[in-house]
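Asker: Going down the list, the sequences are from chains A and B. Going by our numbering, 78 is the number at position 78 of the first sequence; the sequence numbering is gapless. Going by our numbering, 107 is the number at position 107 of the second sequence; the sequence numbering is gapless.
A few of these clues could be false.
Said to hold, decoys possible - For lysine-lysine, the following BS3-like pairs were computed, each having C-alpha atoms within a straight-line distance of at most 27 Å:
| hint | chain 1 | residue 1 | chain 2 | residue 2 |
| --- | --- | --- | --- | --- |
| 1 | A | Lys57 | B | Lys49 |
| 2 | B | Lys58 | B | Lys109 |
| 3 | B | Lys112 | B | Lys22 |
| 4 | B | Lys77 | B | Lys109 |
| 5 | A | Lys9 | B | Lys69 |
| 6 | B | Lys112 | A | Lys9 |
| 7 | B | Lys58 | A | Lys57 |
| 8 | B | Lys49 | B | Lys112 |
| 9 | B | Lys58 | B | Lys69 |
| 10 | B | Lys69 | B | Lys22 |
| 11 | B | Lys69 | B | Lys49 |
| 12 | B | Lys77 | B | Lys58 |
As the list claims (entries may be wrong) - Covered by chain B, per the in silico footprint, the following chain A stretches (three or more residues, Cβ under 8 Å):
| hint | region |
| --- | --- |
| 13 | 40 to 50 |
| 14 | 96 to 107 |
Rather than coming from a laboratory, the hints here were simulated on the basis of the structure. Positions of the beta carbon are idealized from the N, C-alpha and C atoms, including for glycine.
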Amino acid sequence: DSGVTQTPKHLITATGQRVTLRCSPRSGDLSVYWYQQSLDQGLQFLIQYYNGEERAKGNILERFSAQQFPDLHSELNLSSLELGDSALYFCASSVGGVSPLHFGNGTRLTVT
Amino acid sequence: AQSVAQPEDQVNVAEGNPLTVKCTYSVSGNPYLFWYVQYPNRGLQFLLKYITGDNLVKGSYGFEAEFNKSQTSFHLKKPSALVSDSALYFCAVRDRNSGAGSYQLTFGKGTKLSVIP
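Using the sequences and the accompanying hints, generate a full structural model.
Answerer: Encoded structure:
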């Protein structure tokens, strides 16, 4: 068990809808990262937060947004969903520096 | 920009034989390098990392990796494969000179390892 909790595990929704994915990091970890995993694109870095502040942005679409709250949990909001947004979304956390990332088990999003 | 290449989509090896999963990287400065493993329907699990020092790094479950700066490679190895090692393996890199507080990793596309009984 990595200590990173992601909810929900599965999400099925229709095109055009909006969903929120939630992540609770490991106790003591200040950094939260969001990754998207798909068969054709592999693991794509979306965004990183450190102690509530955005620190790095990757290939995140404008339709997607995230935030990290004072209790350090994070939410990834996906709006105007398209079929191509169907993927596994992973949250990871770390204490920072060169410490390894610890991944949750992901949220599988299916857009129909 | 940083990038990782895993040239093999799949590696098949017989149980008990040595295994190698290849990884090459590209960064503007010096790298931090990582290997992760992913089992079906699970998140990635950390195996080992190279930060500095000895080029041979030992990690979890008997895995090791060798950092080769001249070849910009960080191949994952294990002397004797087990059926339970069958999984998806990811190499990842971070540039030491990445922005302050920016710790994200760039991952390769993954290599599926199948260990045949």
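Asker: Determine for every hint whether it applies to the structure shown.
Answerer: Each hint, compared with the structure:
{"no.": "1", "hint": "A:Lys57 to B:Lys49", "verdict": "holds (23 Å)"}
{"no.": "2", "hint": "B:Lys58 to B:Lys109", "verdict": "holds (23 Å)"}
{"no.": "3", "hint": "B:Lys112 to B:Lys22", "verdict": "holds (11 Å)"}
{"no.": "4", "hint": "B:Lys77 to B:Lys109", "verdict": "holds (18 Å)"}
{"no.": "5", "hint": "A:Lys9 to B:Lys69", "verdict": "violated (40 Å)"}
{"no.": "6", "hint": "B:Lys112 to A:Lys9", "verdict": "holds (23 Å)"}
{"no.": "7", "hint": "B:Lys58 to A:Lys57", "verdict": "violated (32 Å)"}
{"no.": "8", "hint": "B:Lys49 to B:Lys112", "verdict": "holds (20 Å)"}
{"no.": "9", "hint": "B:Lys58 to B:Lys69", "verdict": "holds (17 Å)"}
{"no.": "10", "hint": "B:Lys69 to B:Lys22", "verdict": "holds (14 Å)"}
{"no.": "11", "hint": "B:Lys69 to B:Lys49", "verdict": "holds (15 Å)"}
{"no.": "12", "hint": "B:Lys77 to B:Lys58", "verdict": "holds (10 Å)"}
{"no.": "13", "hint": "40 to 50", "verdict": "holds (count 5)"}
{"no.": "14", "hint": "96 to 107", "verdict": "holds (count 10)"}
When the structure is compared with the earlier hints, violations turn up for hints 5 and 7 and for no others.
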